[in-house]
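Let the sequences and hints guide you as you build the complete structure.
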Amino acid sequence: MTEKKETREEKKEKETKLEERSAEENKEKERIVVVPGEVIASGSGFLPGEGTRREGQDIVAARFGLFEKTDKIVKVIPLSGVYIPRVGNTVIGQVIDVTFNGWIVDILAPHLGFLSVTECGGYVNKKDLTEYYTFKDALVAKIKAIKARGIDLTMREKGLRKLEGGMLIKINPTRVPRVIGREGSMINIIKDETGCNIIVGQNGVIWIKGRNVEGEILAKKAIELIARKPFIEGLTEKVKEFLHKERKSENKEAYEVKERGERKERKKN
Amino acid sequence: MATYKRPDGREYDETRKIEAKVGVVKRADGSAMFSFGSSRAIAAVYGPRQLHPQHLQNPEKCLLRCYYDMLPFSVAERKRPGPSRRSTEISYVTTSALSPVLKLEAFPNAVIDVYILIIEADASTRCAGINAASLALAHAGVPMTELVSAVSIGKIGDAIVADITKEEEDYKIKKDGKEIKAATDIPMAILSRANKLSLLQLDGKVTLDELKEAIALGKKTCKKIVEIQKQALKKVKEE
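If you read the protein sequences in the order shown, they are chains A and B.
Residue numbers are given in my numbering: position 96 of the first sequence equals residue 96, and the series is strictly consecutive.
Adding 1000 to a residue's 1-based position in the second sequence gives its number in my numbering.
What the hints contain is simulated information worked out from the structure, not anything from laboratory work.
Where a beta carbon is used, it is the ideal one built from N, C-alpha and C, also for glycine.
It cannot be assumed that every hint is accurate.
As the list claims (entries may be wrong) - In silico EDC-like cross-links for lysine to aspartate or glutamate, where the CA-CA straight-line distance does not exceed 16 Å:
#1 B:Lys1212 x B:Asp1185
#2 A:Lys147 x B:Glu1105
#3 B:Lys1220 x B:Glu1014
#4 B:Lys1166 x B:Asp1185
#5 B:Lys1166 x B:Asp1203
#6 B:Lys1021 x B:Glu1227
#7 B:Lys1223 x B:Glu1014
#8 A:Lys209 x A:Glu193
#9 A:Lys144 x A:Glu119
#10 B:Lys1237 x A:Glu68
#11 A:Lys240 x A:Glu224
#12 B:Lys1230 x A:Glu38
#13 B:Lys1205 x B:Asp1158
#14 B:Lys1103 x A:Glu55
#15 A:Lys162 x A:Glu131
#16 A:Lys147 x B:Glu1060
#17 A:Lys191 x A:Glu237
#18 B:Lys1223 x A:Glu38
#19 A:Lys248 x A:Glu193
#20 A:Lys245 x A:Glu214
#21 B:Lys1166 x B:Asp1008
#22 B:Lys1181 x B:Asp1203
#23 B:Lys1103 x A:Glu50
#24 B:Lys1174 x B:Asp1158
#25 B:Lys1234 x A:Glu38
#26 B:Lys1181 x B:Asp1158
#27 A:Lys69 x A:Asp58
#28 B:Lys1026 x A:Glu224
#29 B:Lys1237 x A:Glu233
#30 A:Lys162 x A:Asp137
What the hints assert, rightly or not - Which chain B residues stay away from chain A? Per the calculated CB distances, all over 12 Å, these:
#31 Pro1007
#32 Tyr1012
#33 Thr1015
#34 Gly1037
#35 Ser1038
#36 Lys1079
#37 Ser1084
#38 Val1093
#39 Lys1178
#40 Glu1179
Here it is as structure tokens:
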């Protein structure tokens, strides 16, 4: 018993440390919103990173987003918009078509994803691919390659599978890092508090499966809260508070329902 | 010196009150509202996304599809909804006004849909539409070189004025006992950074010198508009 307590305290300490660190880092990195065409740095001392472009001596923002400078590289982090796929990203998609040699998966990107039979992770009878994955199945897959014609997916890795049951929600893909948190801190809080199994796709699709619907809805609400207010300070604390409050009211409701039921029974008796 | 007096008492180079707001359509990938006084446009951007039918796909670059329309209640007399000769033309010129700034090669075979709806019309709606669409495209995270801004310059009577209203558009003078139209509308879209024009339309009569003067005034006005657009985009984080 004492051991358990200690570990819990240790965990808390770790969390607070992590938060402090992230707060410090946030202070160091001054983040400002830039618009396309804005000069964000000049001189040859800087290198243009993602979302930027060099124009003579200046580095210019090529898209709308948050400007970030790390060492020499300047980049623009997107604030809004559709998911732009990157090789190695884990995404959640839905099978929308079955062809003779694979499945076509909608991953909510500018192009469709294609999962070949050789990449599906397991032996498949080629005569009928629908036995394996069929229309409307939700899959967790990894992006293997990006070609002009489409996006090649793979499922030959640990943790990549078909999702059964649960619910899928969609948030803006630019909010995904906040939902996951530093080293998974945010998502772990939601998982612990709601007892749900959650998988976050880089494309903004999130799969939630819990023991009961109430837990799933609570997790959904918490994620939507993060997606709605990604810039407020102390977000982790706010989410914790929110989850505690919701759970309390939920317990109260459940208790009240139970009580009412008991009263009715008493009356009957 | 010009003798024309503007009905709302504005200076020649003064625009109506400009409002700009980003993120007005919840389900769109990017959206914006832009208004010149009571000319108000809403733009929603969807994509880049998969393009169907497939024969429209271009393996070199993304397709930009603009759709402009006035809502039935935007004008005094009910406007029949749906495409018309006028709205088809404006959709086309809007597409060509916006495409020079967009980096369309980044998304081959895809499409970007831009829907521009005029909810209140009082002349220069295509300019309000282009301004809103430019903001919405930036909000959707489409790579672009700069923001496009547009304004309609008019030659009303003997004066070159910025941002004309419906009343000014219908300005007439009396000559030999007859009323004749004395207003020329010159809508233009300007890339302020590149110092280029991406749209220039004209219906009416102007001399070459007057046109030069109009373009100079347009460039000056668009510099102010682009600042307002930037401020609107920068407000996104605070919400």
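Status of the hints after comparison with the structure:
Taking the CA atoms of B:Lys1212 and B:Asp1185, the gap is near 14 Å; set against the 16 Å cutoff, the hint holds. For the suggested pair A:Lys147 and B:Glu1105, the alpha carbons sit about 13 Å apart, so the restraint of at most 16 Å is met. Taking the CA atoms of B:Lys1220 and B:Glu1014, the gap is about 11 Å. The hint holds against a cut of 16 Å. Simply put, B:Lys1166 and B:Asp1185 have alpha-carbon atoms about 10 Å apart, close enough for the 16 Å limit, and the pair holds.
Annotation: proposed proximity of B:Lys1166 to B:Asp1203 holds, straight-line Cα distance about 15 Å (limit 16 Å). Of the pairs offered as hints, the one joining B:Lys1021 and B:Glu1227 holds, with about 13 Å between alpha carbons and a cut-off of 16 Å not exceeded. A threshold of 16 Å between alpha carbons decides the hint, and for B:Lys1223 with B:Glu1014 the separation of about 13 Å falls inside it, so the pair holds. Distance check on the hinted pair: A:Lys209 and A:Glu193 sit about 13 Å apart at the alpha-carbon level, within 16 Å; holds.
Of the pairs offered as hints, the one joining A:Lys144 and A:Glu119 holds, with about 9 Å between alpha carbons and a cut-off of 16 Å not exceeded. For the suggested pair B:Lys1237 and A:Glu68, the alpha carbons sit about 15 Å apart, so the restraint of at most 16 Å is met. Annotation: proposed proximity of A:Lys240 to A:Glu224 holds, straight-line Cα distance about 14 Å (limit 16 Å). Proposed proximity of B:Lys1230 and A:Glu38 is supported: the alpha carbons are some 9 Å apart, at most 16 Å.
For the hint linking B:Lys1205 to B:Asp1158, the alpha-carbon distance of about 12 Å falls within 16 Å, and the restraint holds. A hinted pair counts as satisfied when its Cα atoms are at most 16 Å apart, and B:Lys1103 with A:Glu55 qualifies at roughly 15 Å. Taking the CA atoms of A:Lys162 and A:Glu131, the gap is about 12 Å. The hint holds against a cut of 16 Å. Only pairs whose Cα atoms come within 16 Å are accepted, and A:Lys147 paired with B:Glu1060 is accepted, the gap being roughly 13 Å.
With a C-alpha separation of about 15 Å, the suggested pairing of A:Lys191 with A:Glu237 holds against the 16 Å cut-off. Note on B:Lys1223 and A:Glu38: the hinted pairing holds, with a Cα-Cα distance of about 14 Å set against a maximum of 16 Å. Using a Cα cut-off of 16 Å, the hinted pair A:Lys248 and A:Glu193 holds, with the two alpha carbons roughly 12 Å apart. A distance of roughly 14 Å separates the Cα atoms of A:Lys245 and A:Glu214; the hinted pair therefore holds under the 16 Å criterion.
With a CA separation close to 12 Å, the supplied pair B:Lys1166 and B:Asp1008 stays within the 16 Å bound. Distance check on the hinted pair: B:Lys1181 and B:Asp1203 sit about 12 Å apart at the alpha-carbon level, within 16 Å; holds. About 14 Å separates the Cα atoms of B:Lys1103 and A:Glu50, which keeps this hinted pair within 16 Å; it holds. Annotation: proposed proximity of B:Lys1174 to B:Asp1158 holds, straight-line Cα distance about 14 Å (limit 16 Å).
A C-alpha spacing of about 12 Å is found between B:Lys1234 and A:Glu38, which places the hinted pair at or below 16 Å, so the restraint holds. Proximity of B:Lys1181 to B:Asp1158 is assessed by CA-CA distance (about 12 Å); at most 16 Å being required, the pair is judged to hold. As the CA atoms of A:Lys69 and A:Asp58 are separated by approximately 15 Å, the hinted pair is consistent with the 16 Å bound. Annotation: proposed proximity of B:Lys1026 to A:Glu224 holds, straight-line Cα distance about 14 Å (limit 16 Å).
The straight-line distance between the Cα atoms of B:Lys1237 and A:Glu233 is roughly 13 Å, inside the 16 Å bound, and the hint therefore holds. The hinted pair formed by A:Lys162 and A:Asp137 meets the criterion: a straight-line CA distance of about 7 Å does not exceed 16 Å. Even its closest Cβ contact with chain A, about 35 Å, leaves B:Pro1007 beyond 12 Å, as expected for a residue assigned away from the interface. Every CB of chain A is more than 12 Å from the CB of B:Tyr1012 (nearest about 28 Å), matching its label as outside the interface.
In this structure B:Thr1015 is separated from chain A by more than 12 Å, as the shortest Cβ-Cβ distance comes to about 20 Å. Every CB of chain A is more than 12 Å from the CB of B:Gly1037 (nearest about 24 Å), matching its label as outside the interface. Listed as a non-interface residue, B:Ser1038 keeps its Cβ farther than 12 Å from every Cβ of chain A; the least gap is roughly 27 Å. Every C-beta of chain A lies more than 12 Å from that of B:Lys1079, the closest at about 32 Å, which supports listing it as non-interface.
With a cut of 12 Å on Cβ distances, B:Ser1084 stays outside the contact zone with chain A, its closest approach being about 31 Å. Here B:Val1093 stays apart from chain A, with its beta-carbon at least about 21 Å from theirs, past the 12 Å limit. Under the 12 Å C-beta cut-off, the non-interface status given to B:Lys1178 relative to chain A holds; the minimum distance is some 49 Å. With 12 Å as the threshold on Cβ separation, the claim that B:Glu1179 sits away from chain A holds: the shortest Cβ distance comes to roughly 45 Å.
When the structure is compared with the earlier hints, no violation turns up for any of them.
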